[in-house]
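Colleague: As a plain string of letters, each chain reads:
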Amino acid sequence: MSEILMIDFYQPGLADALNQSTDEQLDELTFGVIGFDRAGVVRRYNTFESKISGLAAGRVLNAHLFTTVAPCMNNFMVAQRFEDALELAAHMDVVIDYVLTLRMRPKQVKLRLLSSPMEAMRFILVNRAQ
Amino acid sequence: MNTVNTADFEIDIVADHEALLQFLYLAPVGLIQATMNGDIQLINPLSAQLLMPLAKEGMLSNLFDVLESVAPELRLMVSAFPHENGTVCEWFRAHLSAGTQGKRDARVLGISLIKLDASRLMAVLNDFSQQVAQERQLKHNAAWLNAVSAGIADYALIPLDETGLIEEWNAGIGRLTKFSAQDIIGQPYSVFYPADSISTERMRDFLCEAEEDGWSLSEGWRIKADGGRFWCSSMIVPVEDFGDVEEAAALFDHKASGYALILRDITDQQKDMGEHVRTMYCDYLTGLSNRRALFEAAELELKRWHRHPRPLSLIAIDADFFKKVNDTFGHAAGDLVLRQISLVLKETARDIDTVARIGGEEFAVLLPSTDIEGALALAERFRKRVEADCVTVDGAQIRYTVSVGVSTMDNTVASFDDLLARADKALFDAKHGGRNRVVAASGALHG
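So the sequences go chain by chain: A and B.
Sequential numbering from 942 applies to the first sequence in the working numbering.
Sequential numbering from 476 applies to the second sequence in the working numbering.
Hints are computed from structural coordinates only; laboratory data are not their basis.
Note that the structure is predicted; figures quoted are calculated from it, not measured.
Possibly wrong hints are sitting among the right ones.
To be verified - Facing chain A, according to a computed beta carbon distance under 8 Å, are these residues of chain B, among others:
| hint | residue |
| --- | --- |
| 1 | E493 |
| 2 | L496 |
| 3 | N512 |
| 4 | I515 |
| 5 | L517 |
| 6 | N519 |
| 7 | G533 |
| 8 | L535 |
| 9 | S536 |
| 10 | G639 |
| 11 | L640 |
Said to hold, decoys possible - Once the Cα atoms are required to be at most 30 Å apart in a straight line, the calculated BS3-like pairs of lysine-lysine come out as:
| hint | chain 1 | residue 1 | chain 2 | residue 2 |
| --- | --- | --- | --- | --- |
| 12 | B | K906 | B | K531 |
| 13 | B | K590 | B | K778 |
| 14 | A | K1051 | B | K531 |
| 15 | B | K859 | B | K900 |
| 16 | A | K1048 | B | K531 |
| 17 | B | K799 | B | K906 |
| 18 | B | K531 | B | K798 |
| 19 | A | K992 | A | K1048 |
| 20 | B | K799 | B | K859 |
| 21 | B | K590 | A | K1048 |
| 22 | B | K799 | B | K531 |
| 23 | A | K1048 | B | K859 |
| 24 | A | K992 | B | K859 |
| 25 | B | K859 | B | K821 |
| 26 | B | K653 | B | K590 |
Glycine included, C-beta positions come from ideal geometry on N, C-alpha and C.
Could you build the full structure based on these sequences and the hints that come with them?
Modeller: And the structure:
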C-alpha cells in the first residue's frame, strides 16, 4: 500500500492531487483517469480506465484523445468544453452525466472535466453513475 | 501430430480482441446492434457522439426512443418489415436542425437499418450534413443541365416581361399547354398554375431568385388550357436585352429586362421517381411531409423573407394525452388517431402550406403569406374540427384533442430553428394552460 491514496472522485482541488501522483498511485484509484496535454495528446491513462475500456495504456498513450482514442467525447458536451476553457483561459471543474460506449456497451457514467490555465495537463475522470 | 501451441493462441486472442475493440472505437461510422424493440445492445463511440445530443436525460438505452423526435417512422418501418432479414432502410435521412442560411449547414443524420434475424437489428449511422449541402448545389446544376439538354419536344419557352407577364406566344407553348395566344398574352405566368397553388408573392420570389442566382427552379403540377394537369419542371432565367449597346452597358449593373420561363412536362419521369421521392419527403405513417421536406421548404421561405419581408407563420401541434391513447387502445389505434389528425390538418391547410409530421405525435404547418392572425384563425379552425372528431377502433370511440402553438416571422427571429422553438414554447404554454387550445408565441401578436 502506498501512502497518499485518499483521492476521491468528488474531492475539491483534485487536479493538484492528480498532478502530484505517480503513475502507480493513479493505477490504484477506483475511477478512470485520462490526462492529456494542451495539444490533446493522451499522457496519462490509469489501470481502472484501461480495464473498463479494454485497451492497454500502450495503445492509448501519445495518441490524440478526441480523434483517435475517445471520439465519443468529441462533441459540444466534452471536447468543446475543453476547447472553450483553453481559449478563454478559464478554470473548468464540472461533473456531467454521460454515456460511454465501453467495450461497445452503453454505460451511464459521471465525467469530471478538469482544466486550468495554470496547468499543462487536463483531465477527464470517469466514475460509475450513482 | 496435432500439436497446437495454445499459449500462442491465447496471446493472439487477447491482442486481437484489443485491436478489434480499438478498431470499433475508432470506426468513422456509427454502428449499433439492437433488439427489434430498439434496445441497444452494442454501440460504438461514433454512434454515441452522433446520438448523445438527441438523448433525453442522457440515456442511450433505446434507439427508437432516442430518434423518436427526429425520425419517428423508424419504429414502424422495422415492425412493418415483412422479411426474415434484410435492409429495412438505407440512409434514411433524419433532419436534426434546419441550419441557418449562409452560416450553419443543416444537421442531417443518415440511418441505415438492417434486420439480421428475428431478434437482432443492426444500425449504421453517418453524419450527412456536409453531403446534403453539396447535394443541394449539385441538384441545381443537374436540373439546369437537364432542362437545357433533354428532349426538345416536351418543353415550352415563354418570354416574360420584367413583372412576370407573358409577352409572346409560340408554337411550343401551344403544343405543351394547349393555350392560344389570346389566352395568355399579357397574363401573369400563374395562368399555368392550378388555382390557389401560387401566390403573387411567390411569383415575385421566383423572379427575384432568377435575378440573384441566375435561375429559379421549381417542380409541381401545372395546368393546360383544357384543364388537364402535368407534372412540370419549370425554370425562370433572366434575359438581358443587349439590342442597344449603350443600354447594354447600363445593364451590366444588372437588372434583367425580362425573363424566360421554361416549362417541361416530366410527368413520365415523375412516375418513375414517384416512389423514391415519396420515401425521401413523405412521412411513412401519415403521408404528410416529413422533417426533411419541412426544413427544405422553410429554408426557402426564410431566404425569401430576408429578401422581401412578408407575413410567414408557423404552427406547432401536439396531440393531447397521446400516450394514454396508446396505452389504453394500443399502438394501432394510436396510429389511426395520428392518421386522422393528419387528414384533418391537410384539409384545413391550403395547397401552398407545408404540412409535416415532425415527431411522434408532433406536427407543424408552415404558412407562407400568412400573418399571426391568419395563422391563429387556421389553428383554431383545426383545433375545433379535431375536438368534434372521433376515431372508431373495434367499436370503441376515441375522442382526442390537440394543443397548438403559433409563431410568426419578424426580424428578431434568427433562424427556422428559432421560429420553431418559439412555436414550441407557445405549444408548451398551451399544454400548461390545460390543453385543447391555441396559444400565440409571446410578442407575436404585438410584434
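Colleague: Please write out, lowest number first, the hints stated earlier that are contradicted by the structure.
Modeller: Numbers 3, 10, 11, 13, 23, 24, 26 - these are the hints that the structure violates, sorted from lowest upward.
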